[in-house]
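The primary structure of each chain is shown beneath.
Protein chains: 2
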Amino acid sequence: MTYKSTDIKNIIAEILEAKKDVGGVKSLYFVGCGGSLGALYPAKTFMEKECGNLKSALISSNEFVHSTPKDFGKNSIVCLSCHKGNTPETIAAAKMGKEMGASVILLTWLPESEIIEFGDYVILYSFDASPDHLAGDIDYAGEKTMCALLVAVETLNQTAGYESYDKFMDGVGMITTVIRNARAHVAERAAAFAQEYKDDSVIYTMGSGASYGAAYMESICIFMEMQWLDSSSIHTGEFFHGPFEITDANRPFMIQISEGSTRVLDERALRFLRTYAKRIEVLDAKELGLSVIDASVVDYFNHSLFNNVYPIYNHQLAEARKHPLPTRRYMWKVEY
Amino acid sequence: MTYKSTDIKNIIAEILEAKKDVGGVKSLYFVGCGGSLGALYPAKTFMEKECGNLKSALISSNEFVHSTPKDFGKNSIVCLSCHKGNTPETIAAAKMGKEMGASVILLTWLPESEIIEFGDYVILYSFDASPDHLAGDIDYAGEKTMCALLVAVETLNQTAGYESYDKFMDGVGMITTVIRNARAHVAERAAAFAQEYKDDSVIYTMGSGASYGAAYMESICIFMEMQWLDSSSIHTGEFFHGPFEITDANRPFMIQISEGSTRVLDERALRFLRTYAKRIEVLDAKELGLSVIDASVVDYFNHSLFNNVYPIYNHQLAEARKHPLPTRRYMWKVEY
Chain A
1 MTYKSTDIKN IIAEILEAKK DVGGVKSLYF VGCGGSLGAL YPAKTFMEKE
51 CGNLKSALIS SNEFVHSTPK DFGKNSIVCL SCHKGNTPET IAAAKMGKEM
101 GASVILLTWL PESEIIEFGD YVILYSFDAS PDHLAGDIDY AGEKTMCALL
151 VAVETLNQTA GYESYDKFMD GVGMITTVIR NARAHVAERA AAFAQEYKDD
201 SVIYTMGSGA SYGAAYMESI CIFMEMQWLD SSSIHTGEFF HGPFEITDAN
251 RPFMIQISEG STRVLDERAL RFLRTYAKRI EVLDAKELGL SVIDASVVDY
301 FNHSLFNNVY PIYNHQLAEA RKHPLPTRRY MWKVEY
Chain B
1 MTYKSTDIKN IIAEILEAKK DVGGVKSLYF VGCGGSLGAL YPAKTFMEKE
51 CGNLKSALIS SNEFVHSTPK DFGKNSIVCL SCHKGNTPET IAAAKMGKEM
101 GASVILLTWL PESEIIEFGD YVILYSFDAS PDHLAGDIDY AGEKTMCALL
151 VAVETLNQTA GYESYDKFMD GVGMITTVIR NARAHVAERA AAFAQEYKDD
201 SVIYTMGSGA SYGAAYMESI CIFMEMQWLD SSSIHTGEFF HGPFEITDAN
251 RPFMIQISEG STRVLDERAL RFLRTYAKRI EVLDAKELGL SVIDASVVDY
301 FNHSLFNNVY PIYNHQLAEA RKHPLPTRRY MWKVEY
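Chains as they are written, first to last, in my numbering: chain A, 1 to 336; chain B, 1 to 336.
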């Protein structure tokens with residue numbers, strides 16, 4: 001049986017009820033690889049900031065399997081993300097979770113895959129499967145990032161309570177419209193971006209807070225994986241403690257200006273870039289319409305916004321570079 | 001009054017005793033910026049893997065100040081690292097800790113600095129202050145990384161108990177000799193490395209587990225900050241989920257092969273590099289003598305080893321590139 005994002009409230013209630021017999025839920029782990037790890041980053045940040053009563057961590061699948069937290073087991077929930085259900089490291093992590101008596105929540109896109117048998121709950125997330133993710137006609141509130149966030153939000157709310165729960169759910173109801181408008185809003189500048197940066201060999205991404213994961217995904221999944229560009233995702237708070245020394249008039253930076261509590265970090269980095277760099281692409285969540293979501297919860301919605309605005313840029317960049325996004329030289333092609 | 005790493009056992013005992021009146025210690029935060037954040041990474045990993053009874057997180061100073069965990073306060077310990085005690089973001093974090101009633105442990109190098117007044121306990125760590133950190137005559141067991149680890153180990157051991165405590169302390173007693181031998185061991189290859197890579201514009205670092213922080217520090221503090229090279233630290237478990245598509249015969253990778261539970265991740269990445277890359281520098285903790293430390297705790301000592309072997313390479317690289325390590329264009333020179 002499979003579920004949707006809207007079932008997460010009931011799933012968590014069922015798990016919490018079932019776990020009463022073994023001492024309750026004491027930890028919540030988020031596990032995945034690459035883009036599927038980055039997508040869980042907002043949930044990790046949510047637990048870190050909002051939740052004091054449960055242990056939580058975000059761990060890459062193979063590290064989770066080989067260096068498993070000692071407390072992981074019957075008092076744990078593990079929420080894994082696996083796009084097509086065939087990533088060996090994440091399958092191993094799900095299997096281990098099942099064997100060790102944890103409640104296993106799988107976030108995946110396909111109803112049938114290798115990983116399915118190891119999930120106590122299989123949540124099918126929404127995903128824009130059109131070429132270069134350009135269709136934009138999906139329910140963004142049902143994407144994997146939002147599913148993982150809802151696992152965190154429901155777990156906190158149903159254990160210790162979450163005072164901004166209603167505001168968060170209001171945000172879930174608004175995010176799809178915000179994203180659609182934002183994607184249309186950047187269309188023209190994305191084409192200009194592609195022309196400006198098509199001959200570069202390195203592009204940095206920058207971000208902070210709950211949206212750092214979106215900067216990580218853009219760097220490793222698009223620039224490195226799909227465009228073979230050198231890249232790194234720089235935390236805007238870390239920028240001034242090392243990385244900023246590479247700044248010059250030539251190096252390109254794509255910087256996320258989040259709406260919410262870490263905006264001040266991003267704005268500081270942008271001020272520096274405007275002074276010493278010349279080639280900067282700014283994604284500003286405020287300009288992109290995210291401020292309609294309540295300030296108490298807006299931090300957690302930046303990632304979904306940025307992560308869905310990037311495809312507009314990525315498509316244009318790939319066209320301008322004549323390097324289609326699906327091009328690979330190793331992934332799924334050689335043994336590794 | 002200032003303390004040393006050997007006082008940490010008593011410091012934690014005193015904090016735990018004092019906190020009984022307010023409900024005990026429930027969380028342990030590690031906070032710093034750049035290299036001082038990376039140095040705390042093993043402590044973060046230790047808490048994640050070994051400790052189930054306390055909340056813990058590693059957060060960059062300015063994010064900690066502007067997006068503070070809701071549970072942070074009188075039931076918290078915050079352990080901050082600040083090399084010369086003058087980093088504004090970390091001073092702000094320490095001040096906030098003091099105001100909010102947390103126990104503030106400061107790890108610093110100088111006995112007198114701006115940050116000192118905000119520390120309940122000021123631990124002076126050992127540091128090789130010689131040019132390019134080449135002297136190698138310090139007590140490596142007293143460095144900031146090991147101090148932070150000891151804060152974690154003592155907090156766990158004095159609350160829930162830590163079964164490998166004695167093995168860990170044995171490791172602390174061995175690490176200085178291991179590091180000194182390893183630094184001598186790489187001298188020749190470091191010179192060859194410098195000649196090979198002196199004309200490159202990008203160098204990647206790679207690592208996993210508790211030593212990922214050392215790869216992060218080498219990337220942001222040395223290659224980016226002190227050599228103005230493009231760089232990123234790639235987690236060896238994440239490599240196959242995006243970053244590996246940039247691999248070719250020209251791009252240089254400096255890869256840490258840890259001893260311990262995540263070694264299998266590093267070895268897998270190395271096998272791939274040996275097949276598809278041609279320019280690889282390997283730091284292997286096993287070859288460098290770390291295996292004398294017990295397998296139950298060895299994970300946590302990789303970082304100190306790698307972090308102290310890098311300076312031998314860094315010095316040679318800086319010489320070959322005629323770009324002295326202290327060179328800066330922005331840090332401490334312009335307003336930011």
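Note that these hints are calculated values from the structure, not bench results. The model shown is predicted, which means the values in this text are computed figures rather than measured ones. Worth double-checking, as some hints may not be accurate.
Any copy, or any two copies together, can satisfy a pair, since identical chains are not distinguished.
Stated by the list, open to error - Here are the simulated DMTMM-like cross-link-like pairs (lysine to aspartate or glutamate), alpha carbons at most 25 Å apart as the crow flies:
id	residue 1	residue 2
1	26	71
2	95	128
3	20	114
4	70	166
5	167	71
6	84	287
7	70	267
8	20	230
9	26	163
10	198	230
11	19	200
12	278	200
13	198	114
14	74	132
15	278	188
Quick rundown of the hints versus the structure:
| no. | hint | in the structure |
| --- | --- | --- |
| 1 | 26 <-> 71 | both (9 Å within a copy, 16 Å between copies) |
| 2 | 95 <-> 128 | neither (28 Å within a copy, 46 Å between copies) |
| 3 | 20 <-> 114 | neither (30 Å within a copy, 50 Å between copies) |
| 4 | 70 <-> 166 | between (35 Å within a copy, 18 Å between copies) |
| 5 | 167 <-> 71 | between (33 Å within a copy, 20 Å between copies) |
| 6 | 84 <-> 287 | neither (34 Å within a copy, 39 Å between copies) |
| 7 | 70 <-> 267 | between (40 Å within a copy, 23 Å between copies) |
| 8 | 20 <-> 230 | neither (49 Å within a copy, 51 Å between copies) |
| 9 | 26 <-> 163 | both (20 Å within a copy, 21 Å between copies) |
| 10 | 198 <-> 230 | both (13 Å within a copy, 18 Å between copies) |
| 11 | 19 <-> 200 | neither (53 Å within a copy, 55 Å between copies) |
| 12 | 278 <-> 200 | both (14 Å within a copy, 23 Å between copies) |
| 13 | 198 <-> 114 | neither (39 Å within a copy, 47 Å between copies) |
| 14 | 74 <-> 132 | neither (41 Å within a copy, 49 Å between copies) |
| 15 | 278 <-> 188 | within (20 Å within a copy, 41 Å between copies) |
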